[in-house]
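> What follows is each chain in one-letter form.
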Amino acid sequence: MSEEAWRAAEGASRLRTFYAKHDALLIGIGTVLVFLLGWETAARSGVVNPLFTSAPTRIVRAGYRLWAEGDLWRHIQVSGTEFLAGYLMAIGVAIPLGLAVGWYKRLYFCLAPFIDALNAVPRVALLPLIVIWFGIGIWSKIVVVFLGAVIPLLINTFSGVKITEVRFLKVARSFGASELRIFWTVVLPGTVPFIFTGLKYAAGRALLGVVVGELYAATAGIGYLITVAGSSFQTDTVFVGILSITIAGVLSVELLNRLERRFDRWRPDARSRP
Amino acid sequence: MPSARGFYLENERAVLGMATVAFVLVVWEGLTRGWWLWRIEPIFLSAPTAIARTAVQLFATGEIWADLGVSGLEFLLGFVTAVVAGIALGLAAGWHRQTAFALGPFFSALNATPRVALLPLIIMWVGIGIWSKVLVVFLGAVVPVYLNAVAGVRTADPRLLTVARSFGSSTPRVFWAVVLPGAVPFLLTGLRLGVGRAMVGIVVGELYAATAGVGFMITVAGATFQTDKVFVGVILIALAGGLMIESLTRIERRVETWRVKVGAAA
Chain A
1 MSEEAWRAAE GASRLRTFYA KHDALLIGIG TVLVFLLGWE TAARSGVVNP LFTSAPTRIV
61 RAGYRLWAEG DLWRHIQVSG TEFLAGYLMA IGVAIPLGLA VGWYKRLYFC LAPFIDALNA
121 VPRVALLPLI VIWFGIGIWS KIVVVFLGAV IPLLINTFSG VKITEVRFLK VARSFGASEL
181 RIFWTVVLPG TVPFIFTGLK YAAGRALLGV VVGELYAATA GIGYLITVAG SSFQTDTVFV
241 GILSITIAGV LSVELLNRLE RRFDRWRPDA RSRP
Chain B
1 MPSARGFYLE NERAVLGMAT VAFVLVVWEG LTRGWWLWRI EPIFLSAPTA IARTAVQLFA
61 TGEIWADLGV SGLEFLLGFV TAVVAGIALG LAAGWHRQTA FALGPFFSAL NATPRVALLP
121 LIIMWVGIGI WSKVLVVFLG AVVPVYLNAV AGVRTADPRL LTVARSFGSS TPRVFWAVVL
181 PGAVPFLLTG LRLGVGRAMV GIVVGELYAA TAGVGFMITV AGATFQTDKV FVGVILIALA
241 GGLMIESLTR IERRVETWRV KVGAAA
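For the record, the sequence lines run as chains A and B.
Position 217 of the first sequence, counting from 1, maps to 217 under our numbering, and the rest follow consecutively.
Position 173 of the second sequence, counting from 1, maps to 173 under our numbering, and the rest follow consecutively.
Heads up, a few of these hints could be off.
[Unchecked claim] In the DMTMM-like style, the derived pairs of lysine to aspartate or glutamate whose C-alpha atoms are separated by at most 20 Å in a straight line are:
1. Lys200(A) x Asp264(A)
2. Lys162(A) x Asp116(A)
3. Lys105(A) x Glu12(B)
4. Lys162(A) x Asp157(B)
5. Lys105(A) x Glu10(B)
6. Lys21(A) x Glu10(A)
7. Lys105(A) x Glu179(A)
8. Lys105(A) x Asp116(A)
9. Lys105(A) x Glu165(A)
Since the hints were derived computationally from the structure, they do not count as laboratory data.
Let the sequences and hints guide you as you build the complete structure.
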């Protein structure tokens with residue numbers, strides 16, 4: 001084999017190893033690029049009307065403009081406040097209540113019908129009522145976020161208490177631990193993974209609440225931005241809003257994953273978790 | 001004769017549950033009728049009896065059926081297409097790594113976005129008729145169905161795969177006889193999650209822009225302070241969602257028993 005052919009073959013095989021090693025990333029980036037290019041080309045060549053479909057470069061430009069003018073940041077602040085206030089209130093209510101309901105059987109019996117009923121209703125269906133009660137300002141969104149987030153968190157905390165390892169309870173009891181001590185040292189640490197699962201679900205529901213609440217009736221916020229832009233055919237702005245929401249969703253889940261890993265560090269082995 | 005105490009202890013859950021529900025209903029009814037210290041206008045809060053009366057009236061006049069029919073049709077069209085597409089793509093992506101890599105970014109992005117945020121776009125594209133709701137239901141349900149189908153194929157028991165391969169099964173046979181049956185519980189979980197998302201899609205789609213449907217009825221009733229009607233709509237939605245999830249859970253249990261039997265026999 002000539003030197004040149006040999007080198008070419010080696011280069012090809014190196015390329016193949018590189019591909020084999022990073023095929024997930026390469027195929028993923030490849031398809032996304034093809035998709036974006038196809039979209040841009042279709043919009044520029046007039047195959048589709050960019051008034052309806054927008055185009056990647058138009059979205060970037062609109063995003064930059066909205067950011068530079070400070071509009072985007074203002075809407076993000078409103079939505080962020082609604083999200084945080086509702087989510088924190090949900091945490092404040094759901095975790096203590098979930099622990100109590102899991103610990104006291106009778107309390108669970110009393111509250112079960114209400115928890116089940118709320119769980120069955122998509123909470124956003126309550127929006128017309130919530131708007132009647134709280135108006136179209138920030139509070140109606142906080143309430144819908146709260147209602148969305150509180151149920152999954154409550155149910156997960158509750159099941160965390162229920163699934164406490166029976167052997168641990170027996171050991172603690174036979175060594176004479178008081179009920180209070182059992183609660184703090186056995187039950188509570190055991191619920192942490194469940195609470196985190198609940199927190200992740202709740203974040204999704206909270207985001208849904210913000211978006212739907214603002215689509216339905218609002219005066220500011222990302223959902224409001226999307227609605228107004230949509231009804232005035234500013235498709236680029238609609239996409240900027242949707243992308244902001246996507247980024248917020250990804251960030252919140254990522255943040256919770258990190259927190260979870262931190263809280264889980266003391267666990268001796270990677271038990272399988274639900 | 002069993003004592004009252006014995007009866008209570010045996011049915012504690014039901015007794016306590018019903019007692020609290022009854023208590024809340026009485027307090028609620030009293031608030032709008034002025035039984036307690038202050039009175040709240042019924043147009044803000046409605047009352048259990050008023051809600052029941054409105055429900056009976058809506059069904060008796062047949063007014064509700066048109067809305068239920070429209071919402072049901074939207075749900076059915078969107079959900080069935082989502083199940084077909086989600087399962088097909090999910091099985092393909094679970095089986096072929098490359099398909100998963102190609103589809104992954106799109107489904108991750110969709111999964112992170114509440115799909116109802118796309119409503120303004122969808123309305124722009126397909127109008128405020130039934131198709132915008134079908135599309136938003138489809139987008140809502142397809143993501144959990146797909147993700148669970150992928151997980152179902154990926155978690156196929158490697159021992160079973162090895163056995164099937166060493167006895168010379170062809171790849172399609174391994175897929176149909178080993179992978180697919182193993183994925184069924186995951187598929188059902190995906191369907192169950194999908195039902196929830198589809199319900200959200202219907203409600204929000206109809207709240208946002210529609211001309212008929214239960215969500216539309218709720219919006220109109222809310223905007224005209226017919227609080228009773230709002231509650232009837234909300235209860236109907238809860239019942240529909242609950243019924244579907246309950247039937248899926250039953251199917252799941254059935255499938256589960258079949259699986260356990262086979263596992264025990266093997």
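> So, for every hint listed, does it hold in this structure?
Structure-based check of all given hints:
| no. | hint | result |
| --- | --- | --- |
| 1 | Lys200(A) x Asp264(A) | 15 Å, holds |
| 2 | Lys162(A) x Asp116(A) | 17 Å, holds |
| 3 | Lys105(A) x Glu12(B) | 10 Å, holds |
| 4 | Lys162(A) x Asp157(B) | 29 Å, violated |
| 5 | Lys105(A) x Glu10(B) | 14 Å, holds |
| 6 | Lys21(A) x Glu10(A) | 16 Å, holds |
| 7 | Lys105(A) x Glu179(A) | 15 Å, holds |
| 8 | Lys105(A) x Asp116(A) | 16 Å, holds |
| 9 | Lys105(A) x Glu165(A) | 17 Å, holds |
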